[in-house]
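Engineer: One-letter residues, chain by chain:
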Amino acid sequence: MSTVALALRPLEFFFAQYRRVWRGTVISSVVTPVVYLLALGVGLGKFVRQDLVYNGESFDYLDVVAPALLAATAMQVASFEASWPVLSAIKWSRQYHAMLAAPLRVKDLLVGHQVFIALRILSTVTVYLAVIAAFGAVKSPLAILAIPAAGLVGVAFAAPIAAWGAYTESDASFVAIFRFLILPMFLFSGTFFPVSQLPAPFEAVAYATPLWHGVDLCRQLTLGEVVVPSAIAHVVFLAAWIVASLTLAVISYRRKLVL
Amino acid sequence: MGEHDGQSLIQARGLVKRFGELTAVDAIDFDLRRGEAFGFLGPNGAGKTSTMRMIGCVSPITDGTLRVFGLDPMRDGVKIRSRLGVVPQLDTLDMELTVRENIVIYGRYFGIPRSELGKRADELLEFVQLDERANDRVEPLSGGMKRRLTIARSLVNDPEVMLLDEPTTGLDPQARHVVWDRLYRLKQSGVTLLLTTHYMDEAEQLCDRLVVMDKGKIVAEGSPLELIDRYSTREVVELRFGESRPDDLNYWTDGKVARIEALPDRVLLYTDDGDAAAHMLHERGLAPESVLVRRSTLEDVFLHLTGRSLIE
Chain A
1 MSTVALALRP LEFFFAQYRR VWRGTVISSV VTPVVYLLAL GVGLGKFVRQ
51 DLVYNGESFD YLDVVAPALL AATAMQVASF EASWPVLSAI KWSRQYHAML
101 AAPLRVKDLL VGHQVFIALR ILSTVTVYLA VIAAFGAVKS PLAILAIPAA
151 GLVGVAFAAP IAAWGAYTES DASFVAIFRF LILPMFLFSG TFFPVSQLPA
201 PFEAVAYATP LWHGVDLCRQ LTLGEVVVPS AIAHVVFLAA WIVASLTLAV
251 ISYRRKLVL
Chain B
1 MGEHDGQSLI QARGLVKRFG ELTAVDAIDF DLRRGEAFGF LGPNGAGKTS
51 TMRMIGCVSP ITDGTLRVFG LDPMRDGVKI RSRLGVVPQL DTLDMELTVR
101 ENIVIYGRYF GIPRSELGKR ADELLEFVQL DERANDRVEP LSGGMKRRLT
151 IARSLVNDPE VMLLDEPTTG LDPQARHVVW DRLYRLKQSG VTLLLTTHYM
201 DEAEQLCDRL VVMDKGKIVA EGSPLELIDR YSTREVVELR FGESRPDDLN
251 YWTDGKVARI EALPDRVLLY TDDGDAAAHM LHERGLAPES VLVRRSTLED
301 VFLHLTGRSL IE
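Protein sequence lines, in the order shown, are assigned to chains A and B.
97 is the number that the working numbering gives to position 97 of the first sequence; each next residue is one higher, with no gaps.
201 is the number that the working numbering gives to position 201 of the second sequence; each next residue is one higher, with no gaps.
For reference, chain A alone in the conformation it holds in the complex:
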């Protein structure tokens, strides 16, 4: 049995679980970012000088902020889905244990859960991209590639947070992660203003975050201003980050589930 086939088996559980909460996630995954788009892109955007230059071209503030919010949404959906649900599958609903009583391996349930989260991200950002297009902020057909790009951003957060979720004994740390890691990244990773505005040490930190790479990649795609070497560098960074995080997550899952 191939790894792919085994990793798809847990998916049905996560979908069944999702069926009973999907209404709530529509609010958090779609409505909230749209509110941000209206407030920051449209509202605040009115006060920002109109001739923002990206790669030598001028754009509206909304055009520049919208793809950043797309990437940030992927980050937020992924971070939520990989925190409490992972801890729950170990500690409360104990579904990981049920899966391990069946012929599934630790890496199958990790990959299966990550695939589910990736699908959640992809569906959310697809809707979101349509909303951005309706606001007139999509400038190129290349924008369609922002969907998989946002998927990469999402998994770049889902994998390390799942690793932590399997390591931690309680959910107390998740709030800290959201407050002290996710929120600052949301504000300072080139989402609302260029990272070059940051003091030098913080600018360096921003370049090391997966969100900055995701934001710039999505921005290049929706604006149609792709700088190939830079886009490739972003993809490579995110892919390497994901591989490293998944490796950590497998270790963390094994440590908790197989003893």
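Source of the hints: derived by calculation from the structure; they are not laboratory data.
Positions of the beta carbon are idealized from the N, C-alpha and C atoms, including for glycine.
Fair warning: there could be bad hints in the mix.
Calculated cross-link-like contacts (lysine-lysine; reagent style BS3-like; alpha-carbon spacing at most 27 Å) [said to hold, decoys possible]: (1) A:K256 <-> A:K91; (2) A:K107 <-> B:K79; (3) A:K256 <-> B:K79; (4) B:K119 <-> B:K79.
Pair by pair, the computed Cβ-Cβ distance ranges are [unchecked claim]: (5) A:A130 <-> B:Q129: 49 to 57 Å; (6) A:E169 <-> B:E132: 52 to 60 Å; (7) B:T65 <-> A:L142: 53 to 61 Å; (8) A:W84 <-> B:P173: 50 to 58 Å; (9) B:A27 <-> A:I251: 24 to 32 Å; (10) B:Q129 <-> A:I27: 52 to 60 Å.
Computed list of chain B residues with no C-beta within reach of chain A, every gap over 12 Å [unchecked claim]: (11) G70; (12) D94; (13) E116; (14) S142; (15) S189; (16) W252; (17) D254; (18) R259; (19) V291; (20) R294; (21) G307.
We have chain A already, so just place chain B on it with the hints.
Structural biologist: Same frame as chain A, now just chain B:
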């Protein structure tokens, strides 16, 4: 029951499980034969669950050898688990899903096609008498119903061996009897059962053969009757004295009983003829608060082997 009866399905030799300094399972040997109901009897912390988890391929062995269906649990975990039915000590049901969904989704973990699972779920729910609750959420079900659902779920892959880790712990007497009845039927239909318990009555009810475990070691092995025969007498006289327990029971019994066990709340006299012993004490003028003559149980065997009660 088939021609393969008696074939060894699980084999452990010198099996050891250590967690750091703690030795949970200390070099045990046992064989599980096809068609039998085999039990691990022992108090909490005896190493029963650790043994079950090693067999279930979710806990690497520290030392010794373990073969399940002739395979190595650490290398062939997927193959082994596709042939096992696991009823864990803690339920792993999803409380928000319905009774039926729990079985169907679990069946999907085994790669059983959805089209087959509907019928399979209905049959299994009927078997555990939960067919009327099929579309209810799991959460409000009683403990006994949840346990039966876990058992039904573990049967979804038509397992050759069922691993039952304390199948009735926490259930009321009536619910326990329903579970025992279902397990007995499974055994009749040829499913091999491997169970852990700290209830001697459960072991007596269900097990053809059992091992008594204490502090990671197997201290005795045999059928319930053999064990009682070997380590206890046919009958036991239980005496309760209240405040004034006599100091020298040997004097009162005058060497007429095989063994005396003084527990904090009662005194047990081991003898093949309980009535005669009780009569003799009465004749000699000993007047306990209460006298109960009963047959020996596995509890007595355990007490004799370890000097402690099973449930403390």
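Engineer: Taking the hints in turn, state whether each one holds.
Structural biologist: Okay, the hints, checked on the actual structure:
1. A:K256 <-> A:K91: holds (10 Å)
2. A:K107 <-> B:K79: holds (16 Å)
3. A:K256 <-> B:K79: holds (22 Å)
4. B:K119 <-> B:K79: holds (24 Å)
5. A:A130 <-> B:Q129: 49 to 57 Å: holds (50 Å)
6. A:E169 <-> B:E132: 52 to 60 Å: The hint (52 to 60 Å, Cβ to Cβ) is violated, given that E169 (chain A) and E132 (chain B) are roughly 39 Å apart.
7. B:T65 <-> A:L142: 53 to 61 Å: holds (59 Å)
8. A:W84 <-> B:P173: 50 to 58 Å: violated (38 Å)
9. B:A27 <-> A:I251: 24 to 32 Å: At 30 Å between Cβs, range holds.
10. B:Q129 <-> A:I27: 52 to 60 Å: Given about 41 Å between the Cβ atoms, the range is violated.
11. G70: holds (17 Å)
12. D94: D94 (chain B) is in fact no farther than 12 Å from some Cβ atom of chain A, at 5 Å.
13. E116: E116 (chain B) is indeed farther than 12 Å from all Cβ atoms of chain A, at 14 Å.
14. S142: At roughly 19 Å from the nearest Cβ of chain A, S142 (chain B) sits farther out than 12 Å, so the non-interface label holds.
15. S189: holds (21 Å)
16. W252: With a cut-off of 12 Å, W252 (chain B) remains clear of chain A, as the shortest Cβ separation is near 52 Å.
17. D254: holds (55 Å)
18. R259: holds (41 Å)
19. V291: holds (48 Å)
20. R294: holds (39 Å)
21. G307: Non-interface label on G307 (chain B) holds, nearest chain A Cβ at 31 Å vs cutoff 12 Å.
The structure is inconsistent with the numbered hints 6, 8, 10, 12, although it conforms to all the rest.
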